[in-house]
Structures are given as C-alpha cells and as structure tokens.
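Residue-level listing of the chains:
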Amino acid sequence: MLDLYRFGITEISAMIGKGEISSREVTASVFSRIAHVEDRIRAFVTLTENHAMDMADKADRGRASGNRTALLGIPVAIKDNMCTKGIPTTCSSRILQNFVPPYESTATSRLLGQGYVLIGKTNLDEFAMGSSTENSGFFTTRNPWDAERIPGGSSGGSAAAVAADECIAALGSDTGGSIRQPAALCGVVGMKPTYGRVSRYGLVAFASSLDQIGPITKNVKDCAVLLNVIAGKDSMDSTSAPVAVPDFSAGIGRDIKGVKIGIPKEYFIDGMDPEVEKAVRDAIHQYASLGAIPVDVSLPHAGYAVATYYVLATSEASSNLARYDGVKYGFRAEGKDLIDMYMQSRAQGFGAEVKRRIMLGTYTLSSGYYDAYYRKAQQVRTLIKRDFEEAFKKVDLILTPTTPTAAFRLGEKTADPLQMYLADIFTISVNLAGVPGISIPCGFTSNSLPIGLQLIGRHFDEETLLQAAYAYEQATDWHRRKPDL
Amino acid sequence: MTWEAVIGLEVHAQMLTVTKIFCGCSTRFGSEPNAQTCQICIGMPGVLPVLNRRALEFAVRTGLATNCTIAEYSRFARKNYFYPDLPKGYQISQYEHPICEHGHLEIVIDGTVKRIGITRIHMEEDAGKNVHEGAGAFSYVDLNRTGVPLMEIVSEPDIRSPKEAAEYMRKLRSIVRYLGVCDGNLEQGSLRCDANVSVRPAGQKEFGTRAEIKNINSFRYVEKAIEYEIKRQIRVIEDGGNVVQETRLWNADKGITESMRSKEEAHDYRYFPDPDLVPIMVDRKQIEDMRTSLPELPDAKRHRFVTDFGLPEYDAYLLTAERSTAEWFEAAVAAGAPAKAASNWIMGDLMKLLNEENRSFDDCPIKPQQLAGMLQLIDKGTISGKIAKSVFDEMYRTGRDADIIVKEQGLVQISDSTAIEKVVEEILAKNPKEVERFKAGDEKLLGFFVGQAMKATKGKANPQMLNDLLKKMLS
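Taken in order, these protein sequences are the chains called A and B.
Following the numbering used here, the residues of the first sequence are numbered contiguously, the last one being 485.
Following the numbering used here, the residues of the second sequence are numbered contiguously, the last one being 960.
Hints in this document: simulated from the structure, not taken from any laboratory.
Any given hint might turn out to be false.
What the hints assert, rightly or not - Stretch by stretch, here's where chain B covers chain A in the computed footprint (C-beta under 8 Å, at least three residues):
id: 1; stretch: 18 to 29
id: 2; stretch: 202 to 215
id: 3; stretch: 363 to 376
id: 4; stretch: 387 to 400
Glycine is no exception: its CB is placed at the ideal position from the N, C-alpha and C atoms.
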C-alpha cells in the first residue's frame, strides 16, 4: 500500500478518477499519518475523523455515479477561522471555544460543492493575530522540520499539516502574511490571492480590508486547482470582486521567456539572514536562466508598511472583535452587572496579543487621534499601493524573500512583540496594496530549515504568478523534500 | 430680555422596505421575539453585510424630494459602542460621506413660507430592543428590529419655535408618506425625533449651549418638549446659571425634560469607514431617473390646486398634507364635482367623520365619485344643501349612492311653485297674528315662516323659491 498521504491534489485526484484508489483509502491514510505524527506537530484544534469518513464514502459514491470534480474525495484541512456548519470554529480563542456555527463559509461551501473531505480545523494564532501560533489560546504548533521551532503563523496549523502530510492540502487566511510566512517556514506553497478574489463570507474577520483566504499546498499545480474552486464573486460578500475567474491551471506549464521580474532593492535589507539572501539571489539566477528578465525596481514606501499595517489592522480588529461580548454566544464570565460581565468575559476570553491589538486599535480610532493615526495610515496605504502600480508598469512580477529569516525557535520572539511583527516585514505590503502574492520553497538553510521565495503579481493576475512559480518549481526540487518525521 | 430659541431636529425614519438593510430578514412588525433574525443581523462571527438596494433608493428619493444634493460617492461607517441590543458592538451608519446633503423644505407658519435647511440624510441600521420584563434577574434582547433600515434626517438649526418644529415634522412626515418610503407613525416609532435646543438673547449671532432632547414620540410632544426646554434654559440663564451641554429625556408623564448624560460622559463612537461595504456609487443618470419617477409632492400639488382649481391657499394646504386626501379630492373633481364645494365637504363633514373613526382617505367608505354625484344633485336642484347633509351621512354609513338614497327616502326637493304656494297659504292662514306683525315691520318673522314651511315639507322645499314666494305673498 502506498503512503497515499504523501501525495498532492493532482495525483490523488487522478488516482481517484481512474478508480485506482478510493477516497476512503486516502482519507484513512491521512488519518493514520495524523495518528503517527500529530502529537509531535499539533496542527489541529479539531479533528473530524468520523465525519471525514462519511464524506469520503459520499465522495466515492459520487465517483461511482460519474462525478469527476477536481476536489472529489480530497482530504483538506481548514484553518479554524473559517465557519464550518455544525463543526466547532474557535479561531484558537477561549472566547469561541464552544462556538459551533449554524452556517458555512463561502470558501468551504465551494469545497463541499466539489465533494471534498474535511479532515479537521487547524490551529492558528488567536483570531489570526500572530506569526508563530504561539498566540493560540490552546497550544503552539511545531514546525515539522524542527519541533523546537515555530511553524510560522497565523496559518501555522494549516502549513504544518501540509508539510507533515497530515492532509493533502489546506486553506489558510492571510491578513499580513499569514499564509505566505508559514508556507515559507514549513517549506510548502501558499498563496494570498488578490483582495476580493475569494469571498470572505464566513471567515471570522480580523482586519476586513486585508483578510483574504488562500490555498496552502504541496506544489504549485495544487495551488491553482484549489484557487479555481474558491475564487469568484459571491453575493454574500460585497467586497468580493465581479472579476472573471480564469482557469488558473491553464497558464501552468507555459514558459516564462521574456517575463520581467522586478527585484525591489528595499527588500534586501541589513539584518536579513545571509542564507536566506543567498537562496533568493540563486532563485533570481535560476529565473534568468529560464529566460525571465530581472529588472531593478523600487518600492519607496516599503519601510512604512509595518507601521501602517499595525494602525489599520488593529483599528479594524478593535471593531471586528467587539461582538465577542458574552451576550449572544461564546464564552461568558460572571459579572456583578452588565459592564462587569462584558469586561470579565473579554478579559478572560481573549489572550494577551488580541487584547494588545484591541487596545491599539481603539486608541488609533479615538476622537483626537483618528487623523494622526487611522487617516494618516490610509494615506500611506494609498502611497504603498501606488508604489506597486508604478513598479508594475515596468515589470510583470516582483520577487522578494518571503521572510527575513527561516523558522525561529519557540519563545524566541514572544517577549518582544515588535520583533514578532517584523517577521511579516516582506509580506505586509502585499495585503496593503491588495495584490496577490505566493510563497514557494527556494532552498534550505545549513540546518535544514526551508526558505521561501515570494512572487507578487498585478491585481487579479494570479495566472502569471502561478505560471512563474510553476516554472521555478519544475526547474528545482525543493518542493520534493519532506521533513523526517 | 427677549430670548430667541434655536432648534435643530434629527429625525429617524424607518424605511418601508420588505427586508432588512443588510440581510434578507423580514422587517414586519410584531413577530415573536427573535423570529426575524439570521446570522447576519445577529452579528455572528464571519458574516458580512450586503446593502439592500431598495433602502438606497428610498434614501435617494427622500433626498431628491427635500432638494438635497445626492452624493455620487458615499460610504458606510461603523459607530462603535457596547450595548446588548447591538449585536456587532457597532452600528453600521454613515458618517463622513452621507448619501444626501444640503437640502431644504418649506413650511407655512401664520401664512408665511419659511425654508428649513436639511444638513444631511444618511442611511443606517436600527438596533434591537432590550426587554426588561417578568420576574428574575435577567433582561431579554429582541433582535427583530436589528438591521431594519433607517434614514436619519438632520435639519439645520433654522427652527425658531416649537410650532415651527412641529410644522417641520408634519411636512417631513407628509413628504415621506407621499414617497411611500416611511409610514410616518410617530407613536409606533417609525418616525422618531430628537431635538437640539438652545436659547440666545434676541439679536445675538452666536448660538447658546445646546441640549439634545430624546424620546419625543408624538407631534404634541414635539411642541411641548421643546417649549418646556426653552423655558427651562431661559430660567437657568436668568437665575445666573449656565446651560450644560447634555442629552435630556422627555418625560411625557411629568411634562418635563430630564438629564440623561452630560458631554463628559458622551460616547466616543470611533467612527471609521466600514471595510465590509464597498463605497456606494450612484451615477448622474440613475439620480435623474429617480428624480423623474418621483410622485408629485405636497408643495407642487398645493400650487396646482390653487392655480388649476382656484382653491384658497388654506384649502390647498390642508388637502395636500396627505397624499390620500389629495388624491381623493382630485378623483372627486375628475368625476365632476365643483372644486370648492368638494373641498368644503372634504375638509368639513368628511374629515370629521373619518377622524371620529380614526380612518384615512385610503379606506373612506364614500367613493370620490359618490361625492361628485351628490354635489351634482345639489347643483341640479334635486336636493337642497340642507338635505344633502343627511344624504351625506347616509352615504357614509351605507356606502350607497346619493341618488338612490334621495329616491328611497323621498328627499327630492320640492321645486313646484304651486305646491309650495299651497303650503305657504296654509301657514299664513294658521298664523294670522304673525302675518300682522310682519306686515307691521317685524321682518325677522320671515325666518319663522320659512321654518314652518320647511317643517311642513320635511325640509324638502326649495329654499330659494320658498323665500321668494313668502316675500311675495306677505307683501
């Protein structure tokens, strides 16, 4: 019996399609893998094995009656901030520990429409606020490449689950790098699509103007397949864009001769790990040898991105998280009166980082400070967006490292939130500008930690992104390496 | 010292949409608590609002009807505060970019037209309702009303008296009812009014410190509450004190306003643009299309009633206050009723009867054509004006046509001069003393003879003929 859990969507789908294997077999294989490694990885907040087996059987019956959808019977892990009807959705927060949504997110309902198999809900930094899963209200997920290191975050559970073969693919969400950063640190592929490409309906909001759902997969082809399913206008989300969805798989395999790739000087900074820099420089050479043309570009406002992000994201979060008040659902603490109940519920229900961000955001929106912080940050956001527009007049893609360093040690940055915030220094601008970005494996450090390469594209041009990512992937074998578990 | 009041009104109008402003739940009134809710209006994690286009259309129509500029770009904003009836912890409203601005409407005060500026009209969602009922330590929350679409219509501080304030409210009510965007019911809360009131020495340019009065839920209270507040503020100042900027509640039982919270306790709502809703873009063409589709509004109707029908201003004003009244009147005229006579009957007998039963012209038991028919009977001399009164009452009671009532009850006016002559002869013969006194110069007795003749004919004698005959036969 093959270790089916090792494969990606495309291979499994082909095997199921040909009737060589059943979804039940794949799903069982994935759960045997989980049984073998999960206590070392801790990627999942909730595992739904019985439910998954039922879904697998349903998929197998569907196949028997002629269903050939791309995700039919494919075991997928979902970050635990996407609502799944009847299945707990906690955001890794005590305040939602017992929350079971009576509705399905649009992204997962599109997966359901394809007959996918839900493996479980993956761990994250509480409400997606963090870069390591150390802010999870429950536990920290471990990096499959080194259990003493963090998997990145906030979609650390999803990225670790994919890297450890505890699922065939996963969905994550990315507000400032939460898909790309953990994908880079776990050595897998992760894409944040263009803002508006994927419906946010049912994604528990952190920062609404930045949040975007995206795939985390074992290879670029799988990323395209998953994106095909979740992308597109949704009448339930007015910020989802009425833009036609191409077949993202179609561009894959096209060569990249003459594609102009911008190298922004602002992204090769002091303090960057030399091994990371070398891997990324090598990738640029690799692209040149494939016929792409590296071009120097500048994103002059890049240095303001982190500050801008932490004003806007926290402002929105302070309002988005106001609904967790103990009145209607979720955790409620006893209080001597209404105000006390509010305060106790939120004091006990939220973790330290979430509270820190609520306080920051409340402050930046306060009367008298709004102009200096929120409004100013919006203005800078416009400048950052323009930086990209200018650059994309000259180039088709922008190439950067995904992170300044490989995975850091557990606890290394927890004492200093600002150091933690800088883990997203290369990914944040992409969310502010709303453009798509993908992280793909581009090498390993001397102690065998994965390094990620980020490609950034024009608005709604995920096609070129996938085309270029695939070309690089085909020319290298970084994505084939697996952690030793 | 003479004092001048400065008043601005903030009016919340509940829009008559079938569904809520950001989800598909019904807006129907009076269901079981929380029966009309879904994950969206309850503010469950991860849900998103989607604007009901009908609510936008209603707001734009109201803006056009009040001479506002319609914003081609407007935005929703979040108003953040904690309260159990506010499930998201914020209300979706508009702040920096409202849908309508810079409008005005006209009111008539003591025969003069006065223009009241409208600062802005914006859309927002209603909150739910906390219910403090029954025994036990708990309060309950009913979220049926959460997400019902509201317009907030903010006036300029152009209002100078309680009477003007009430008139402004009446006009606004009239307009939203004409448009069909709000039922205008103050008592049921579909039209709610907060008043900003301050006073200043007459002639002074600067405004005084204002208080905001909430909880005014009838037209009568609009006047009473503001009147009280003006007097209270004058008293405070004349006693050497200062008016405090605060929110006050109108207590209808005591007939006073009471302090609710001061400026220091005022909320910081931390407004910011709602990132879940894309900016609202309305292009010029859409605005012009909506403008052409507006119904004729009270002011235009009033002017037309004066010029087309020759009605006095007063009649026109009264008849056009309600669209249903105006339409009823026009239908009667179209059916052949003389305009002034129709107006008299509508403003007099008909309104009185309808008011007694709390009915509107929409369910008036008399059809406009029936009034026209009755007026034609008067015109032709078939019945007298006096008889018409009882015919009218009968029409109202039974809904039957005037000519049938007249025929069945034998109410046809006697216009046969020999028949009247015979009656007069009999009366004169029966009352020789009065005849003598009349001839001696007591001409007031003519009324006595008329009365006797009417009594004898059960009121059916043609009054003009009777008068003429009496005079002739007595001379």
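State the violated hints by number, sorted upward, taking the hints as numbered earlier in the document.
-> 1, 4
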